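Novice: Chains as they are written, first to last, in numbering that gives the first Met the number 0: chain R, 0 to 635; chain F, 0 to 112; chain S, 0 to 166.
Some hints could be false.
Straight-line alpha carbon distances no greater than 30 Å define the calculated BS3-like cross-link-like pairs of lysine-lysine that follow [stated by the list, open to error]:
hint : chain 1 : residue 1 : chain 2 : residue 2
1    : R       : 173       : R       : 458
2    : R       : 116       : R       : 63
3    : F       : 36        : S       : 165
4    : R       : 56        : R       : 165
5    : S       : 77        : F       : 36
6    : R       : 458       : R       : 390
7    : R       : 173       : R       : 542
8    : R       : 23        : R       : 203
9    : F       : 36        : S       : 25
10   : R       : 552       : R       : 570
11   : F       : 36        : R       : 390
12   : R       : 534       : R       : 548
13   : F       : 36        : R       : 607
14   : R       : 569       : R       : 542
15   : R       : 458       : R       : 542
These are calculated hints, taken from the structure and not from any lab test. Keep in mind the model is a prediction, meaning the values are calculated, not measured.
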Amino acid sequence: MQYTLLILALPLLSFIFLGLMDSKLKAQVSGLFGTCILGTITILSYFTAFQYFTTQKIDGVYQKLIPMHMEWVRFTEYLHIDLGILLDPISVMMLVVITTVSLMVHVYSLSYMHGEKGFQRYYAFLSLFTFSMLGLVVATNIFQMYIFWELVGVSSFLLIGFYYTKPSAVAASKKAFIVTRFADLFFLIGILVLSFYTKTFDFKELTAEDSNLFAACSGATFMGFSVISWATAMIFIGGAGKSAMFPLQIWLPDAMEGPTPVSALIHAATMVVAGVFLVARLFPVYYFQTPEVLHGVAYIGVFTALFAAVIACVQTDIKRVLAFSTISQIAFMMVALGVSGYEGHEGTGYMASMFHLFTHAMFKALLFLGAGSVIHAVHSNEMGHMGGLRKYMPITNWTFLIACLAIAGIPPFSGFFSKDEILSACFEFSPFVGVTMTFIAGLTAFYMFRLYYGIFWGKEHKHEHTPHESPLLMSVPLLFLTAVTVVAGIIPFMMGTPITSDGADYHIHLNVVVATISVVVASISIIISTILYKKGDGVMADKLATTFKGLHKAASNRFYIDEVYLFITKKIIFNNVSRPIAWFDRHVIDATMDGFANVTQWFSFKSKDFQSGQVQQYAFAFLLGTLIMTAIVMLL
Amino acid sequence: MGELIANFGTGQVPMVAYLGVSLIMFFSGVYGFLTRKSLLMILVAVELMLNAVDINFVVFNRFLFPGQFEGFFFALFTIAIAACETAVAIAIIINIYRNINSVQVGELDEMKE
Amino acid sequence: MANQIIFYVLATIIAIFSVLAVTSNKIIRSALYLLFVLLSTAGLYLLLGYPYLFGVQIAVYAGGVMVLFIFAIFLTNKPGDKVDKERPIRRIVAAITAFTGLAFCGHIIYYNVARVFTTVIAEETKIQVIGRTLMGTEKYQYLLPFEVISILLLACIVGSIMIARKR
């Protein structure tokens, strides 16, 4: 399956080509070019998936396949960085998810970004992002993953800051970059510690079940925990940074400054699940070597899910609502991983997490694209400027509704199945986690329908010009994703899912009790939401808001986490660390260099008069020299 | 000096006398070149020096190789070249004058700094 | 005898006027003094038995170059302009340098040249010989330099026009 290299190479070439040509190409040409490339690799990915799932099964277990491998840098006898392509169930699934969503976004953007300045640049960046994300998921070793991890961060930075003339977009892109970079520092330290003790970067060796790698370092501890625990915790921090887990979630809501299709692709469907993917990739390490870290992951996930869901209930910017819902849903996946066991039925959580990743990518991309369609029509992000749009935008309305039902967990849409699996895994882990997660699922249904009613129902806002349904190029991706959302949940029931931690097939069976509870909770939430928001007069909602005034205000301000960060960075770090460093830099390092420059300059100015440009002076010097030499010859 | 005076009666001018004249001419030129500020005056000084050299060529030709013409032709060509040089130099000077309204060397610092 | 008298007269004129030419305050006078020097030099050539060179010197220098000079002076000088001179200190230094050079060279000439070659029989060079030498292509003949000079003159004419023309 050597051709999988093409899946990586084509977007890279597309990026280089579009990036170099930039405005020399017509906007539509570069858009179509990028889309065609994406279409090609989407087909290749589907083909890869088909071939992999039909041929690579040995003894009922899907094998890890490495069609491409080369050594890149060798440090020591054991430690070397390789580049290669690793195909296993989760990476193949990710290939499908990424290329599908990316293709949809490419098609959608053709219309959404039409006429924007920098259209070509936008497509170049999309190609770069697709390339790096695909590289990330097929990485054979943790270092290769780290390289693509950073590339993904860069392309996210570039795309958030796409409207670089807007100060808020610039600030948001910087924030996203700095926060994720900060987390990546821990990731890097984690990688180094892990590889130092296990003497390998390779995923295949790290995740082998009968691994002897960890035997050597079992004795090594640091501050009460084993070094491997530290390493995996650090690596998780890296993943938490990309996946916007508490307390590193602050960048994601701001990242909505980017174009909406970008939010759909990067900040909902693909990049933000990189953290989940990372934990899933190293799952055996977490599970066998450091279960305590895995439980930590679960609890951080639970807290983040709750936290983000509460905030999402009061936000008024529709993209921010979706951003917080994304954080919450990713936290669901993290929780599922955290509570998962390894094999067979125990491994429900792992399977559920990956399953939810897949379904979430589809319906969240759909939600974002739907939101983009709405924004395209209304030219505003604020829920207050919308309302009553269902009459004008029927396709958007219906697709959005289906996505909302899916995320709320109403059967038979895909979200129901994946969420149900997560919930049953949680109940098996501990009833407390299960109950909390069910409550959060209810909250999810509530805020999603608050959003839905806010946009499509309720009081109609006066529009400058009548909103209209989006053009065909935007509707087609919506419809396609809707179709996927509707059917995706049923597929694993029909043929069993191979996306498990050990690669063996797993047959989902619905846990009736959990399913009933979750559907009931979700329905109640939707009903509450309907009562509160359908009319859109907001009387009841305001009453509620005044009753829980403190909570409402805190949630509206995102629980002041941003302010805490600002306080820490601006007041403490800037004053106590950065300022002395800046002083040292300016007065010691710069001053030394300036000193060299000044001395040189002084000397130059002094010696400049030798070359005055006055030909008489030169003649005089020449004559004087001749005379002196004559005198010497004559007198000696 | 004694020989010059002694030679006076013979009706012949010694070579050293010619060389002395050209020497005076040449070093007046040098002095002028070093002290004058006007471009035209510098050109006058240069002409003086060239002329002194011409004399030297001719004198050496006449006194050392009377049967040949090397010095003679060298002087001839030098005169021609001097004429060219003067013409071009004066063209340049007039152009400069047109641009900066002056022909003083001290003011030719447009391109400097 | 007459030779000597003529020579010393010319030598005196040359010495005096070359010094005056570089020290005069008025630029037009400098040019005039230069003319005297050039004419006297032409006289020296005649004295040395090169009448052709005499003619060339008069025609080219006194005729052509001096006219150029005087035109240039008229074009670039406003009436009553005084020639700016260098600071006294520099003039003194330049004078000392020039005198030192004069002394050195004079010393060398006096002690090396005067001893050996003192007299010469000045015989006139025939113009036919000059013509043949100038136009011949054999050894010690100068057709090539002659042509080169003609090209140089052409280039110089074109160059002068290019440089001095109004834009």
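Novice: Evaluate each hint against the coordinates.
Specialist: Results for each hint:
1. R:173 with R:458: It is violated: about 37 Å lies between the C-alpha atoms, which goes past 30 Å.
2. R:116 with R:63: violated (44 Å)
3. F:36 with S:165: holds (25 Å)
4. R:56 with R:165: violated (52 Å)
5. S:77 with F:36: Holds, at about 16 Å.
6. R:458 with R:390: holds (12 Å)
7. R:173 with R:542: violated (38 Å)
8. R:23 with R:203: Measuring from Cα to Cα gives roughly 45 Å; hence the hint is violated.
9. F:36 with S:25: holds (13 Å)
10. R:552 with R:570: holds (24 Å)
11. F:36 with R:390: violated (92 Å)
12. R:534 with R:548: holds (22 Å)
13. F:36 with R:607: At roughly 22 Å apart (the allowed maximum being 30 Å), residue 607 of chain R and residue 36 of chain F satisfy the hint.
14. R:569 with R:542: With a Cα-Cα distance of about 37 Å, the restraint between residue 569 of chain R and residue 542 of chain R is violated, given a limit of 30 Å.
15. R:458 with R:542: At roughly 18 Å apart (the allowed maximum being 30 Å), residue 542 of chain R and residue 458 of chain R satisfy the hint.
Hints 1, 2, 4, 7, 8, 11 and 14, counting from the list given before, are not met by this structure.
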